[in-house]
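**Q** So the chains spell out like this:
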Amino acid sequence: MSERDGILPGLVRGLATTARSLTRHTHTAEYPDVSPALPPRSRGVIALTEENCTSCMLCARECPDWCIYIDSHKEELPPTTPGGRARQRNMLDRFAIDFSLCMYCGICIEVCPFDALHWSPEFEYAEVDIRDLLHERDRLGAWMATVPPPPALDPGSAVPAEVTAAAKPKRPAPAGAAPAARARPARPARTEGGGTPARPPRPRREAPTRELPVTPPVDATQVIPVTPPAPEAGPGTPDAGGPAPRLQPGEGGE
Amino acid sequence: MLPTWLEVVLRAVAVLLAFLVLPLLVGQTEHKVMAHMQGRLGPMYAGGFHGWAQLVADGVKFVQKEDITPARADRWVFRLAPAVALVPYLVALAAIPLSPSVVGAPVDAGVVLVLAVIGVGVIGTLMAGWASANKYSLLGAMRAAAQLVSYELPLVLAVASVALAAGTLSLVGIAEAWSPWWLLWQLPGAVVFLVAALAELQRPPFDMPLADSEIVFGAVTEYTGLRFAFFLLAEYAGIVVFSLLFAVLYLGGWAGPLESWLGWLWTLLKGFVVAVVVIWLRVSWPRLREDQLQRLAWVWLVPIALFQLALTAVGVVMTS
Chain A
0 MSERDGILPG LVRGLATTAR SLTRHTHTAE YPDVSPALPP RSRGVIALTE ENCTSCMLCA
60 RECPDWCIYI DSHKEELPPT TPGGRARQRN MLDRFAIDFS LCMYCGICIE VCPFDALHWS
120 PEFEYAEVDI RDLLHERDRL GAWMATVPPP PALDPGSAVP AEVTAAAKPK RPAPAGAAPA
180 ARARPARPAR TEGGGTPARP PRPRREAPTR ELPVTPPVDA TQVIPVTPPA PEAGPGTPDA
240 GGPAPRLQPG EGGE
Chain B
0 MLPTWLEVVL RAVAVLLAFL VLPLLVGQTE HKVMAHMQGR LGPMYAGGFH GWAQLVADGV
60 KFVQKEDITP ARADRWVFRL APAVALVPYL VALAAIPLSP SVVGAPVDAG VVLVLAVIGV
120 GVIGTLMAGW ASANKYSLLG AMRAAAQLVS YELPLVLAVA SVALAAGTLS LVGIAEAWSP
180 WWLLWQLPGA VVFLVAALAE LQRPPFDMPL ADSEIVFGAV TEYTGLRFAF FLLAEYAGIV
240 VFSLLFAVLY LGGWAGPLES WLGWLWTLLK GFVVAVVVIW LRVSWPRLRE DQLQRLAWVW
300 LVPIALFQLA LTAVGVVMTS
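Top line first, the protein sequences correspond to chains A and B.
Under numbering that gives the first Met the number 0, the first sequence has 26 at position 27, and the numbering climbs by one with no breaks.
Under numbering that gives the first Met the number 0, the second sequence has 109 at position 110, and the numbering climbs by one with no breaks.
The shape of chain A in the complex, shown without the other chains (with noise of 0.2 Å):
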C-alpha cells in the first residue's frame, strides 16, 4: 500500500486540500461590480467605420453565417477637371450586422481592404427581444469608440507584413523587358538592396498579387511577363495576352 493508494491518508488530504484553499483567495470574478481585465484582441463587437467601407461586399460574402447586410447604390460624381470624365462611387445605404447570427470568427474584419471592420472588446450588449440583436450602421459606428489601439506585437513575434512589403527594395523589371520608361527607377533599388541572385523566383510567386493593384496600368504588360517563366519551359512573349491569363486567372488583371 503506497501512501497515496491508502483509505485514510486518502481522507486526510481531501481535508487537507480543502482546509488550504479555505485560507487562499478565490477565483470568483465578481463581475457586475468588477469589470473584467479582458485580454488583448478580445473579441467583444464589431465596429465599423462608415468612411473606409466601400461597400465592395467582401465581408458580406465571406461571412460564414451571412449575418452582415449591405445595401448601396452608386452615384455619379461630377468630373473633376473641365473636359474630364463623370465618375462613379458606391454609396453605403445600410450596413447591419446581425449578432443574434454572428459566431465571431474575425473572418470579415480580416477579409476588409479597407480597416473599415475593428474588433471591440466590448460585450455587455445583450437585449431582451433578439431582434434588437441587429446592429445598424449608426451604433456599428458608435463602437469605433471603444475599439483599442492595436496590442503591441509579443517580443520575438515575426515582423509584420506590412512592415516586410515596406523594407522590400522594389520588384526588379525583367530583362527582356528593360526598354519602358516606367521600370528605369526600379533597377537603382534592386541594386541597392545586395544583389541578390535569387530575386527573380520570388516576384512570380507573390509579387505579382500584391503588387498589381499599386502598378499603373502601363507597366501591366511588362509585369506579366515575369510570371510565365519558371513554370512553363519557354517565357512567354510579352505582347501575347492568350498564356498569361490562362495560367493565373486569379490575377489576370486587365
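Just to be clear, a hint being listed does not mean it is correct.
[Stated by the list, open to error] Across the chosen pairs, the derived CB separations fall in these ranges: (1) A:Glu29 to B:Leu24: 48 to 58 Å; (2) B:Leu261 to A:Glu29: 35 to 45 Å; (3) A:Glu29 to B:Leu268: 23 to 33 Å; (4) A:Ile129 to B:Arg294: 50 to 60 Å; (5) B:Val12 to A:Ile129: 28 to 38 Å; (6) A:Thr22 to B:Leu24: 54 to 64 Å; (7) B:Ala309 to A:Leu10: 22 to 32 Å; (8) B:Ala132 to A:Tyr30: 37 to 47 Å; (9) A:Leu10 to B:Val313: 21 to 31 Å; (10) B:Trp51 to A:Pro150: 58 to 68 Å; (11) A:Ile129 to B:Val55: 54 to 64 Å; (12) B:Leu264 to A:Glu126: 29 to 39 Å; (13) A:Glu126 to B:Val55: 27 to 37 Å; (14) A:Leu133 to B:Val76: 51 to 61 Å.
Read the hints as simulated data drawn from the structure, not as lab findings.
Note that the Cβ used here is the ideal one computed from N, Cα and C, for glycine as well.
Since the structure of chain A is already known, use the hints to place chain B on it.
**A** Coordinates of chain B only, in the frame set by chain A:
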C-alpha cells in the same frame, strides 16, 4: 419567582428562537465555508454585507412557492411527514443544556430522551418516501431507514460509554464529570459518535438516501415550498443538535475559562466548531456507496464502539 405557566412559555419561546436561529447560522456558515473551500465567494448580495440574509431570502422564497401534493400521494401522511421529521429535533434541542442553568427543559435522563427523540426523525423520512407515490422517494426512504438503523447502534454504544464513564444519564451530570483526559480516553467513542451522527443526519459523505445523481432527492423529491424547507430545516437543526450534543458529551460543554459567566457561550462555541467540522467533512469527502456505508457501520463502527465500551468499563473499575 415566575409563575409556572409563564416560565414554561418563556422557555418554549427561547427554545423555539434558538431552533429557528441556530440552524440558519449553521446554514449560512455552510454556504460561506463551503464556498471558500471551493475557491468561491458564496452568497454576496442578500442583506448587503456578504450575503448575511441569504437564508432569510431563501425562506421568503420557499414561502411563496406553491405547495404541491402529488395526485397519487397519500395525502395526510405526505403532509404530516415534514413535521414528524422536524419536531423531534426541536424536542431534542430543548433537552440539551448549554450550561447547568441555561437549558430548555432539564431532564434527569437527558441522554436517553435525546437519543430516543432523534430516532423518531427517521419516521418522517419514511413517511415522506412512502406517501410520495414515487419510486425514487421510496428508494430514498428505504435507504434512509437502513442507514439510520445501522448507525443508531454505534451511536447509542458510544453514548453509553460516556454515560458509563460519568456514572450518570443526565447530560448536565456527564458534562460536569468531564475532565480533559477524556479527550484521549473517549477518543474512539468520539470518532464513532461523530461518524454515526453524520450518517444520522444523512449528510455527505453519508447522503446515500438523497444521492441526487441516482434518486433525484430521495424521500423529499416530491416536496415543494414550505414543506421542503422544513425538511431542510430539520437537516440543519439536526446538525445543531448533534454538534451541541458532541460538545456536551465529549468536549466538556461549558468547561473553560470564565466558566461561571460564559458557560453557555462555551457550549455554543464548541458546538459551532463541531458544526464547522461537519461542514468540512461534507466538502472534502465523496459519497459512500450503499454497501460501503453498511460495511463501515457494522465492520468498523460497532466493534470500535464495543471496544470503547470495554475500555471505559475497565477505566471506571480501575479508578473507582
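**Q** Against this structure, judge whether each hint is valid.
**A** Hint check:
The hint said 48 to 58 Å for the Cβ distance between glutamate 29 of chain A and leucine 24 of chain B, and at roughly 25 Å that hint is violated. Remark: the range hint 35 to 45 Å for leucine 261 of chain B to glutamate 29 of chain A is upheld by a beta-carbon distance near 38 Å. Taken as a hint, the range 23 to 33 Å holds for the pair glutamate 29 of chain A and leucine 268 of chain B, whose Cβ atoms sit roughly 32 Å apart. For the pair isoleucine 129 of chain A and arginine 294 of chain B, the supplied restraint of 50 to 60 Å holds, since their beta-carbon distance comes to about 55 Å.
For the pair valine 12 of chain B and isoleucine 129 of chain A, the beta carbons lie near 55 Å from each other, so the given range of 28 to 38 Å is not met. In this structure the supplied range 54 to 64 Å is violated for threonine 22 of chain A paired with leucine 24 of chain B, their Cβ-Cβ distance being about 22 Å. For alanine 309 of chain B and leucine 10 of chain A, the hinted distance range of 22 to 32 Å is satisfied, since their beta carbons lie about 26 Å from each other. Checking the proposed 37 to 47 Å range against alanine 132 of chain B and tyrosine 30 of chain A shows it holds: the Cβ atoms sit about 43 Å from each other.
Judged by the Cβ atoms, the range 21 to 31 Å given for leucine 10 of chain A and valine 313 of chain B holds: they are separated by roughly 30 Å. At about 42 Å, the beta-carbon gap between tryptophan 51 of chain B and proline 150 of chain A misses the expected band of 58 to 68 Å. Against the hinted window of 54 to 64 Å, the Cβ-Cβ separation of isoleucine 129 of chain A and valine 55 of chain B comes to about 36 Å, which falls outside the hint. As the Cβ distance of leucine 264 of chain B to glutamate 126 of chain A is approximately 55 Å, the hint placing it in 29 to 39 Å is violated.
Against the hinted window of 27 to 37 Å, the Cβ-Cβ separation of glutamate 126 of chain A and valine 55 of chain B comes to about 33 Å, which satisfies the hint. Distance hint for leucine 133 of chain A and valine 76 of chain B: a CB-CB separation of about 57 Å, consistent with the stated range 51 to 61 Å.
In terms of the numbered hints stated before, the structure departs from hints 1, 5, 6, 10, 11, 12, listed from lowest to highest.
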